[in-house]
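2 protein chains.
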Amino acid sequence: MTTSREIRLKSRPSGVPTADNFELATVTLADPGPGEVQVRNSWMTVDPYMRGRMNDVRSYAPPFELGEAMQGGAVGEVVASNDPSFKAGDAVQSFLGWREAFNAPAAAVQRLETHGLPPQAFLGVAGMPGLTAYVGLLKIAALKDGDVVFVSAAAGAVGQVVCQIAKLKGNTVIGSVGGPEKVAYLKELGVDHVIDYKAEPDLTAALARAAPDGIDVYFENVGGAHLEAALMAARPFGRFAFCGMISQYNDTDLGAGTRGLIMVVGKQLRLEGFIVSSHFDMMPAFVKEMAGWIAQGKVKARETVEEGIENAPAAFLKLFKGENLGKMLVKLS
Amino acid sequence: MTTSREIRLKSRPSGVPTADNFELATVTLADPGPGEVQVRNSWMTVDPYMRGRMNDVRSYAPPFELGEAMQGGAVGEVVASNDPSFKAGDAVQSFLGWREAFNAPAAAVQRLETHGLPPQAFLGVAGMPGLTAYVGLLKIAALKDGDVVFVSAAAGAVGQVVCQIAKLKGNTVIGSVGGPEKVAYLKELGVDHVIDYKAEPDLTAALARAAPDGIDVYFENVGGAHLEAALMAARPFGRFAFCGMISQYNDTDLGAGTRGLIMVVGKQLRLEGFIVSSHFDMMPAFVKEMAGWIAQGKVKARETVEEGIENAPAAFLKLFKGENLGKMLVKLS
Numbered sequence: 026m027t028t029s030r031e032i033r034l035k036s037r038p039s040g041v042p043t044a045d046n047f048e049l050a051t052v053t054l055a056d057p058g059p060g061e062v063q064v065r066n067s068w069m070t071v072d073p074y075m076r077g078r079m080n081d082v083r084s085y086a087p088p089f090e091l092g093e094a095m096q097g098g099a100v101g102e103v104v105a106s107n108d109p110s111f112k113a114g115d116a117v118q119s120f121l122g123w124r125e126a127f128n129a130p131a132a133a134v135q136r137l138e139t140h141g142l143p144p145q146a147f148l149g150v151a152g153m154p155g156l157t158a159y160v161g162l163l164k165i166a167a168l169k170d171g172d173v174v175f176v177s178a179a180a181g182a183v184g185q186v187v188c189q190i191a192k193l194k195g196n197t198v199i200g201s202v203g204g205p206e207k208v209a210y211l212k213e214l215g216v217d218h219v220i221d222y223k224a225e226p227d228l229t230a231a232l233a234r235a236a237p238d239g240i241d242v243y244f245e246n247v248g249g250a251h252l253e254a255a256l257m258a259a260r261p262f263g264r265f266a267f268c269g270m271i272s273q274y275n276d277t278d279l280g281a282g283t284r285g286l287i288m289v290v291g292k293q294l295r296l297e298g299f300i301v302s303s304h305f306d307m308m309p310a311f312v313k314e315m316a317g318w319i320a321q322g323k324v325k326a327r328e329t330v331e332e333g334i335e336n337a338p339a340a341f342l343k344l345f346k347g348e349n350l351g352k353m354l355v356k357l358s
Numbered sequence: 026m027t028t029s030r031e032i033r034l035k036s037r038p039s040g041v042p043t044a045d046n047f048e049l050a051t052v053t054l055a056d057p058g059p060g061e062v063q064v065r066n067s068w069m070t071v072d073p074y075m076r077g078r079m080n081d082v083r084s085y086a087p088p089f090e091l092g093e094a095m096q097g098g099a100v101g102e103v104v105a106s107n108d109p110s111f112k113a114g115d116a117v118q119s120f121l122g123w124r125e126a127f128n129a130p131a132a133a134v135q136r137l138e139t140h141g142l143p144p145q146a147f148l149g150v151a152g153m154p155g156l157t158a159y160v161g162l163l164k165i166a167a168l169k170d171g172d173v174v175f176v177s178a179a180a181g182a183v184g185q186v187v188c189q190i191a192k193l194k195g196n197t198v199i200g201s202v203g204g205p206e207k208v209a210y211l212k213e214l215g216v217d218h219v220i221d222y223k224a225e226p227d228l229t230a231a232l233a234r235a236a237p238d239g240i241d242v243y244f245e246n247v248g249g250a251h252l253e254a255a256l257m258a259a260r261p262f263g264r265f266a267f268c269g270m271i272s273q274y275n276d277t278d279l280g281a282g283t284r285g286l287i288m289v290v291g292k293q294l295r296l297e298g299f300i301v302s303s304h305f306d307m308m309p310a311f312v313k314e315m316a317g318w319i320a321q322g323k324v325k326a327r328e329t330v331e332e333g334i335e336n337a338p339a340a341f342l343k344l345f346k347g348e349n350l351g352k353m354l355v356k357l358s
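Protein sequence lines correspond, in order, to chains V and B.
Heads up: the first sequence begins at 26 in the working numbering, then just goes up one per residue.
Heads up: the second sequence begins at 26 in the working numbering, then just goes up one per residue.
Don't take each hint at face value.
[As the list claims (entries may be wrong)] Footprint (simulated), chain V over chain B, 3 or more residues, beta carbon under 8 angstroms: (1) 130-143; (2) 265-272; (3) 279-286; (4) 306-313.
[Said to hold, decoys possible] Residues from chain B that keep clear of chain V, each with C-beta distances beyond 12 angstroms, as calculated: (5) ARG33; (6) PRO38; (7) GLU102; (8) SER106; (9) ALA113; (10) GLY114; (11) ALA224; (12) GLU253.
It should be emphasised that the hints constitute simulated quantities derived from the structure, not laboratory data.
Beta carbons are placed, not taken as given, at the ideal position from N, Cα and C, and that holds for glycine.
Take these sequences, add in the hints, and give me the full structure.
Next up, the structure:
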């Protein structure tokens, strides 16, 4: 018998979520039943896509249920096992984040092979955000030699990895971020041109200055003015990987619209959306390659860490204000 | 010595072109010089893409020059030849439309193999518009069995061919057109659902009714509300072929913007623009297949015909008012 605190969805937000949409609850966990394991989470992730699951709309992931613990990636340790496939002390990952501990069937958790990396890396650079960067840049946008790459939200969990993969492949990279701290971080990563969009009255003009000969690849995390700027700057046969549009996740309607789509015809552009879970078959190859890049010092990854389950909602809300540098994580134990 | 009348670009339009932007001139043609042929055009084409060439902006085709004859597809007959590769009476095609006759180097004209079709078919169903439909539907949108296909400007030169290729491949087709005459034409072609967008206050709702289970392919000729409706109706992994956006060709700025692009992420859509000249390598295979379909009665094609070079500007201007059913052509002799 032990207890666990968890964050539940208390009410569905309309527009920007607030702390009132969440509630902290404490549950008692019995010993794990037959075929079950008990896991104590050490880290959990908060990600922008979770905003969509707060709505009562079936999308690629089902909505969170009101009054129930939210879900998301987590890493932790088996503390008790009633299944032969795990024993106490095993490092595991699961989608049962937003809680300190849980009992679950053994099939709901996955053994964590750390490849010498700290476990929370598998919630970021070596996990879903890293794979998202890898798939979007190399498969969806089909990066090739000589491409000029534009990345929005370039200091975020995914963007920082996109920038570094493009750089280690020898490409020219332009990153857009908000604020001087993030500008400095991208310069430290070797990004060729950094745009502070908060300081630019005209993003299209700023991108045209940073890429006077145009861009070939756009990694889309933001939408809106960033997408318009990319459409205007694109060279013929440019490829846009649509990973997300954080500027629109809190919109209650379809928003203001994106101008310049006529460029898609004349420039023969390809704009393609993707969801990383459609590409999980690439995870083993990705983890191996990424662990090598990290070991060689070719990829670094920043984290912004909040401590304690009670601060998970605040960590999540910060994503929409751009208050994270790199991967936003919550340390639970 | 003979004379030819031709249409010249008199001034560049801002917004919608008018008759004042064109002027009719008469030129005298000497006998063809060494290596030259003299051709009398029998038919010329007017196409929406020519609007872009009236602007002083380098796009995929260079701008028309002020005070000079405009250019575009034409078919005709060699009337005199000073080159061994052609003789009087040969049927030829060229990009030297907008004029009744011309002298040109033999390399500027191409022998017309008619495959039993009337020569003007090579300005429409068996020419560039037909190839545009073929490439966009089969290569760019990668049509497959079971796809539900939505086509805008579906009674136009390209749209009518898209509808018929999709039908002969066994797909379900939804066409959008303006006005009852075009609705009747599409029904005659066997299109499954026809939307008269001029009679629909809400195109998104109309498409949702016509395609309650969604669409897989959108053939984009129009832009704006049509594109928004297609984004909302798209099923996961939908493919959009961006052929043109006639609703925006006369815009003097970037226009109002398209909403709903966030759907590209969650539905994992692919939006791809193309220009038919990038796919001219497919022309021989296309002409052969299309001639077969026409011979078998599987593809029909309507034409709207204006007579005389002096009416070419009016024919062109009608395109932007949707006053053509099928391919708009000008008969010159």
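Hint check:
Under the rule that three or more residues need a Cβ within less than 8 angstroms of chain V, the assignment of the region 130-143 of chain B is violated, with 0 such residues. Judged by the Cβ-Cβ criterion of 8 angstroms, the region 265-272 of chain B is covered by chain V as claimed, because 4 of its residues qualify and three suffice. Coverage of a stretch by a chain is defined here by at least three residues with a beta carbon nearer than 8 angstroms to that chain's beta carbons; for the region 279-286 of chain B and chain V the count is 8, and the condition holds. Evaluation of the coverage hint for the region 306-313 of chain B: breached, as 0 residues show C-beta separations to chain V shorter than 8 angstroms, against a requirement of three.
For ARG33 (chain B), the requirement that its beta carbon stay farther than 12 angstroms from each beta carbon of chain V is met, with the minimum near 25 angstroms. Distance check on PRO38 (chain B): its Cβ is at least 17 angstroms (rounded) from any Cβ of chain V, clearing the 12 angstroms threshold; non-interface status holds. At roughly 34 angstroms, the least C-beta separation between GLU102 (chain B) and chain V is larger than 12 angstroms, which holds for a residue marked as non-interface. Consistency note on SER106 (chain B): stated as away from chain V, and its beta-carbon is indeed over 12 angstroms from all of that chain's, at 37 angstroms minimum.
The claim that ALA113 (chain B) lies off the interface holds: its Cβ sits roughly 40 angstroms from the closest Cβ of chain V, which is beyond the 12 angstroms cut-off. With 12 angstroms as the threshold on Cβ separation, the claim that GLY114 (chain B) sits away from chain V holds: the shortest Cβ distance comes to roughly 39 angstroms. No Cβ of chain V comes within 12 angstroms of the Cβ of ALA224 (chain B); the nearest lies about 23 angstroms off, and the non-interface call holds. Its beta-carbon lying about 8 angstroms from the closest one in chain V, GLU253 (chain B) breaks the requirement of being farther than 12 angstroms from that chain.
Taken one by one, the earlier hints fail for this structure at numbers 1, 4 and 12, listed in ascending order.
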